[in-house]
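S.K.: Here's the letter readout for the chains.
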Amino acid sequence: MIALVGRPNSGKTTLFNWLTGSRFRAVNYPGATVECYLGQTHGRYGESLEVIDTPGTYSLFPKSFDEEVTYQTLFKNYKEYDVQGAVVVMDATQWQRQWPLVEQIKESGIPAVVALTMTDLLRKENQNLDDKQLSELMQLPVVPIDGQLGGGVSELLQEVRKLERKSGFHPPEEWSEDKYKKAQREASIWSARVQKNKKNPEDLTYFDRTRYWDDILLHPIAGLLLFFTVMFALFSSIFWLADPFMGWVDEGFSWLANSILEWGGEGSLWADFFSNGLVASLGAVMVFVPQIFILFFGISFLEDTGYLARAATLIDRPFSAVGLSGRSFVPLLSGYACAVPAMMAARNIRSATERWIALFIIPLMTCSARLPVYALLLSFLFFGDAAWKPGLALAGLYFSALILGAIAAAVLSRWLPSDNEMSFLMELPLYRRPSLRVVLRSAITRTLSYVRRAGPIIFVLAMLIWLGTTFPRQLDMSETQQLQNSYIGQVGQWVEPIFEPMGSDWRIGIGLISAFAAREVFVSTLAIVFGVTSETEEGLTNSLISSMKGALWPDGSPLFTFASVMAILVFFMIALQCMSTFAIAVREMRSWRFALTQLIVLNLIAWSLAVVTYQILS
Amino acid sequence: MNLNSAKPHVPLRIQHIDGNESTLQRLRELGILLQTEVMVVRKSPWSGPLVLRVGTAFIAMRSVDAQGVFVEELA
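Residue numbers (the numbering used here), protein chains in the order written: chain W, 9 to 626; chain U, -16 to 58.
To be clear, the hints were calculated from the coordinates, so they are not data collected in a lab. Don't take each hint at face value.
[What the hints assert, rightly or not] Computed Cβ-Cβ distance ranges for the label pairs, DEER-style: (1) R445(W) x V(-7)(U): 37 to 45 Å; (2) F253(W) x P(-6)(U): 49 to 57 Å; (3) P(-6)(U) x K207(W): 46 to 54 Å; (4) N136(W) x K(-10)(U): 33 to 41 Å; (5) H(-1)(U) x P252(W): 55 to 63 Å.
Computed from a predicted model, the values in this text were never measured in an experiment. Glycine included, C-beta positions come from ideal geometry on N, C-alpha and C.
Please take these sequences and the hints and turn them into a complete structure.
M.R.: Structure follows, in structure tokens:
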């Protein structure tokens, strides 16, 4: 197996794309949550070779969990990842700065070929880099690659095939200041020899362009305004642009489910199983696809242009106050649309500790599935009042959730082991025109990885909820009675003592339990529990509100009071009642323990605060 | 004078670097070595990370790390 090694933003992923075409899969390194990509070289390059794309690293002396993965791939000699040689990816516009990493690879004895990327940028400047001479000086084969067109890839593989394969390498001794100085001097002497008509950096268009754009994009006022504009656009795309697509997915599956029901006939268990069980559960998985695809298209686009690193720099300060960094901004912002794509977006956080914290607090961000619940409960509380009152209350809910998230992050960052990558010390890439191929591919990869890996868990959980609400089956009952007598209904009644301290009875309890399918299900479950039916959504809300007003405890006191509704609102604000979020947490952290801890901790806090709210207000 | 107090767009030379071992290492890997010429190109609002130019590279650095990098102005 050949390992691709290089600095972050060196063009490593683009090269990996050219090498493998679509023949790759995401793998997880033993004991690490960081993902690597493993692939086979494309058929057009002859006999296939196994290639592993390692996380970007600045040196062979790991300082973050990310770099640790690269280190282990090269030196731990795991059986399933037997690295026998390396392709060191070197950005031609910055090659002098990257020479130390190449020399460290040489010192460890790994047979290597240097792939020189971004050569198209140099060529446009009439800056010819003599790769033959560079190869002699570095004493390694050097092959220029054209990232835009894929030129040089087969030459690179020819060189790789010539390498004498070895195994079992040892890391070099840690480099001192002097050693880096020596390498720097060496590279600058070579630079004069291999780079004819060398220009001053100021005269290079790509460098000048970066300076020009940074003046604007990092400006304290203009830069921040543009930052918020870009982020608003990104957020809108998953909040509004994805909406019609999600609607189509939803309608498509509902149509299929209804057709099956009609065809199977009323009361047929098999038709119910296929439509409300199987098809509806598949729909629960697929409904997230548009959001995930659109979000990752946007993120990869911003990353590929070089802007994402600047965005993180601009917004870093407030995040550093609670132990996070600017890299957490996009995942947390996405959490306001939906925790599922948001948790996936957290993969762009380089520090493993920070990623852990971000994943933990993402469910606290007010996702769009909470809106229908808030809408119902606030309309109940402010029935007939001026519109600004529920509006203000809604803003209060959003804001409180944000404050809670910040507190949670601050507490967690004190508890967890610190990761050096959290110090936010990084090279900003030069601005580049993004490659549509790379951007599309990243969006497709993430979407497929969601369907393949989180999909099955969501599907199984959705099926379990169907089983819980469908059985035991009694055909002579109304929908309301059926739900009350179902397993979930029975559990709801059985655990009523848990909900009582927050002012809720078993009927609300059933709603809270079935909301685990998706938070907005709370509304439709309440409608079933109270036997409310209506053709229109507005009619449903109004009749539901009047049923809620009439709902009583057995002793005749009203069930839905200011105190009990406030308690439910607090509960929804914090609780992790979403099987899809749970499934994604399992997959993203590759840990059932993390996901279960998160589930228990967040729901326990939600319940405790709901109880406190009810007890104070009643 | 450390990087936090350096004026933007003035050429600087690094004289001394303080910090924990892994930060020192990371700074070296980024080419921030003693006697290297650098320039602060941007300071972020609310003392957020500053952007440092080293040769043809731009490096983002938090003020807590920048405070250990001591420089002198080049006339």
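S.K.: Can you let me know if the beta-carbon spacing of H(-1)(U) and P252(W) is within 55 to 63 Å?
M.R.: holds, 59 Å
S.K.: State, for the Cβ atoms of N136(W) and K(-10)(U), whether the hinted interval 33 to 41 Å holds or is violated.
M.R.: Check passed, 37 Å falls within 33 to 41 Å.
S.K.: Could one say that the CB atoms of R445(W) and V(-7)(U) fall in the range 37 to 45 Å?
M.R.: Given range 37 to 45 Å: holds, Cβ gap about 42 Å.
S.K.: Taking 49 to 57 Å as the hint, is the beta-carbon distance of F253(W) and P(-6)(U) inside that range?
M.R.: holds, 52 Å
S.K.: Holds or violated: the 46 to 54 Å window for the beta-carbon distance between P(-6)(U) and K207(W)?
M.R.: violated, 19 Å
In summary, the one numbered hint that this structure violates is 3.
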